[in-house]
Structures are given as C-alpha cells and as structure tokens.
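Participant: Got chain S sorted already, so can you dock chain F onto it with the hints?
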Amino acid sequence: DQQVKQNSPSLSVQEGRISILNCDYTNSMFDYFLWYKKYPAEGPTFLISISSIKDKNEDGRFTVFLNKSAKHLSLHIVPSQPGDSAVYFCAAVNSGNTPLVFGKGTRLSVIA
Amino acid sequence: DGGITQSPKYLFRKEGQNVTLSCEQNLNHDAMYWYRQDPGQGLRLIYYSQIVNDFQKGDIAEGYSVSREKKESFPLTVTSAQKNPTAFYLCASTRGGSSSGNTIYFGEGSWLTVV
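So the sequences go chain by chain: S and F. Residue 1 is where the first sequence starts when you use the numbering used here, and the numbers rise one by one after that. Residue 1001 is where the second sequence starts when you use the numbering used here, and the numbers rise one by one after that.
These are computed hints drawn from the structure, not numbers from a lab. Any given hint could be a false lead.
[What the hints assert, rightly or not] List time: in silico DSS-like cross-link candidates among lysine-lysine, alpha-carbon distance up to 25 Å:
{"id": "1", "chain 1": "F", "residue 1": "LYS1071", "chain 2": "F", "residue 2": "LYS1009"}
{"id": "2", "chain 1": "F", "residue 1": "LYS1057", "chain 2": "S", "residue 2": "LYS5"}
{"id": "3", "chain 1": "S", "residue 1": "LYS71", "chain 2": "S", "residue 2": "LYS37"}
{"id": "4", "chain 1": "F", "residue 1": "LYS1009", "chain 2": "S", "residue 2": "LYS37"}
If we strip away everything but chain S, and leave its shape as in the complex, we get (with noise of 0.2 Å):
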C-alpha cells in the first residue's frame, strides 16, 4: 500500500516553460515533506522540503506548494531548464525517527 504516490512517471516540458510534478500521500500523520532530483546511476540530491505548518516554500525557480486538506503537494521549477532533466522524487516522513517514505518517481525531460 503505496503512501506516497507519484501518478506520472514521466513529463516532457519545453525549455523555459514552467514544469509541475505532483505528489498524494495518504498518511495523515506526514508532516515534512521533500524533493530529490536523481540522475541515472547517481545518488539522488536534495532539492527542497516544507513542514506541514506551511503551504509554500520556493528557493530559486523552485517552489513547492503543500495542501494539507488534499494531502497533494506540487514541485514547480520555471523557468524550466535541460539541466533539470531528472527523475525527481517525492518524499515523506512523520516527525521522530521514523525513515522517509519514497513516491516512485517522475521523469521530467526538459526539451530545448
């Protein structure tokens, strides 16, 4: 029983238009949340994180956006770069120490 899901497994997006990746989760009791950008036969890398008492938090061209009634958080970057051509995951964790739980990952593919 998947508690984080990542619908797409993959998204192509012109170069300098803005890419969304979305993320549910069905536990209620997650509240942080991160991204990690992952390229073939690497580590991934962090990318950006929220706490669930807030709904926005952007660095850069990235933002994520957090609707705890929805249990849905997005991924913006723009304007979207080649270099941001990833497989990008989502992920999840309850406060304690507890081992973040993994969406199964979107693809994004930046076409110049």
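Facilitator: Just chain F, lined up with the frame of chain S:
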C-alpha cells in the same frame, strides 16, 4: 570533504554467493539507511539504523543483513536468500532521525548484478 562513500560502484555476483556493499560516512550522522531502487519502483527501504549496535528492518529486508558496529559504517550483505538482487543500492544518512530539519543525504549508489 564530508560525505557518504559507497563501494564498490559496480559489483557482479554469481548466484548463490553472498556479497557485502560498503557504506561509510564522515558526517557524524547518527542514522543510516539502505534503499534499493528498481525501475518503476522508486526507493524502497531495506534496513535502517538509528544508533550504533541497533538496526531495524525496512519494507524489504528479506534476504539482506546489516551491522552497525561503528557510527560511521553501515555495511549491507546481500545473501543468497535474496531472490532478485540485481538492483541499484543506495546508502543514506541523517544527523538524527529523518524528521523535520534532518535532511537525508545519499551516497552515489552501488550497482549489483547477478550473473
């Protein structure tokens, strides 16, 4: 430079053999984790350890074993009991648990192929 080092990067195993993947971190992190990545499966947790000499099973622990004798080291053994071991393995660590503010950091990964 501080970080997480996994070795080897590529490993071939014959069926029936046990192999051990190394994970070392010099970040002084308390918690360490092993994940497995398969195509279309995302990252699945194998084992994790929050303190030395203690570890817990994750979602797919069968066929794997770990030890945590030192804070900086968390080796993973893929035993012959693991029916489908070919995958990309990722080690990670975090200062405390992976709760708010303790971002988890990953190693570069190890490819294991059964031949």
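Participant: Does each hint hold? Answer for all of them.
Facilitator: Right, here's what the structure says about each hint:
1. F:LYS1071 / F:LYS1009: Judged against 25 Å, a Cα distance of about 22 Å means the pair holds.
2. F:LYS1057 / S:LYS5: 22 Å, holds
3. S:LYS71 / S:LYS37: With a Cα-Cα distance of about 21 Å, the restraint between S:LYS71 and S:LYS37 holds, given a limit of 25 Å.
4. F:LYS1009 / S:LYS37: 20 Å, holds
Violated hints: none; the structure is consistent with every hint.
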